[in-house]
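Chemist: Given next are the chains, with one letter for each unit.
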Amino acid sequence: MSAPTQTKPRTIVPFGPQHPVLPEPIHLDLVLEDEKVVDAIPTIGFVHRGLEKLCEKHDFHKMTQVAERVCGICSFMHGMGYCQAIETVMGIEVPARALFLRTFWAELSRVHSHLLWLGLIADAFGFESLFMHSWRVREKILDIIEETSGGRVIFGSCKIGGIRRDVADDILRRIRRELDPIETEFRDIASVFDQDPTAKRRLRGLGALSREDAHALGAVGPTARGSGIDFDARKLGYAAYPQLEFEPVVETAGDCQARCSVRIREIHQSFDLLRQAIDKMPAGAIEVPVKGNPNGEYMSRLEQPRGEVGYYVKGDGKKNLGRFRVRTPTFANIPALIHMLKGCEFADVPVIVLTIDPCISCAER
Amino acid sequence: MANWSISKLVARSAVGTPATRRYPFTRREPFAATRGHVRFAEDTCVFCNLCAKVCPTDAIVVNRKEKRWMIDRRKCILCGACTESCRKACLFLENAPAPPMTAAEWERIRIETE
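Protein sequence lines correspond, in order, to chains A and B.
One point on numbering: in this note's numbering, the residue at position 193 of the first sequence is 193, and numbering is uninterrupted.
If you count the second sequence from 1, you need to add 365 to reach this note's numbering.
By construction, these hints were calculated from the structure, which means they are not laboratory data.
C-beta atoms are modelled at their ideal positions from N, C-alpha and C, and glycine is treated no differently.
Treat the hints loosely; a few may be bogus.
[Claimed, not checked] Distance windows between CB atoms, simulated:
| no. | chain 1 | residue 1 | chain 2 | residue 2 | range |
| --- | --- | --- | --- | --- | --- |
| 1 | B | Thr385 | A | Ala285 | 51 to 59 Å |
| 2 | B | Glu431 | A | Glu185 | 54 to 62 Å |
| 3 | A | Glu185 | B | Ala454 | 37 to 45 Å |
For reference, chain A alone in the conformation it holds in the complex (with noise of 0.2 Å):
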């Protein structure tokens, strides 16, 4: 008779809703072997706002300003895919000017939202200094976000039809010439991340997702690039985009440090991309008149800081919609998260979830 097989007992930690690394709510319960991670179950709903709901109490017009507070940090990008869904569905012919401005302040959010990722990650694998320099760069995106926009967090500056505001030429060549300093900046911060052998030890390895596991988990934005998926919802045509030239960044290793990388080659980008848009901005109207109601539906697609949004709308010829629905990336990479956890140490679980920059705003709505 043979011995029964000696499992090793397993214990339940919890992580969330208030920890250190987050400040914002999500709760995973992990089922640790020793100090292994064997299983994650997670818990979302702690900040469920019912935004989507609203739609019922305002008019689509003010519904702008309800989809910008989807998220603070990716705000813009909201309020412009919520625009763009109105736009088709009431077949609006949205300036040109008006759409490289867009796609101008939406790669500064890009490029802001992925610094402030830059700082997070580098706090939570302890290397606090970095992370200060990686906001001292941020501060000077949000200033330029702020002169053009009006506003740090919140631009306002979208509606149905074009823009709020024009941004005169002479301040766009003054920003243009200010970006090659603040991305000189950008390249030493980055060079550690790169280089840094503390870094490198905490992130290299960790975390491992395969281009195929990403692909049936659904995992979108740098997460997905990370593995080796080659998406980016940009090369959907949507805005100016058609009229600028990029490639998708994409690594291959699937790993913390590969997704590290897409984000920092990600920030040259989009410096890159500032800068076409301001030599090919052209000139003319910024916005034109909306006349009648939505009547209609449509699925708009862009590409977030932390992968590919969704917005639903659907309009039966009323000033309020029948129907709003927005699929953000945070939610879609869950799954791939609690995937990446299962096998990694205890103590590297923080730097596991920060690597798919949750927004749990942006998840609950």
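Since chain A is already given, all that's left is putting chain B on it; use the hints.
Modeler: Coordinates of chain B only, in the frame set by chain A:
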């Protein structure tokens, strides 16, 4: 060499000026485009109520009979919808933040919006 990749940043921080301002001795001036507060010029207003209609947060209250225009600055999100809609050009977005509301102002607008 990789071990010293942070040294360039450290050296610059050590010899350079601080990245932060010495508040309150150095104050940050708002940009010309900064959305600070909504200013109302009463002399041209016809109290048409259009600004109150387009306000997404119902922060503006217009009383046409008594010719009164009020804004609840706690509700105002500085979106600029009212300034765009105004046909008499009597609403402006100023770049400096509004001074704090007094208790009397707050009470008056609370009664008006109820």
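Chemist: Hints broken by the structure, by number, lowest first?
Modeler: 1
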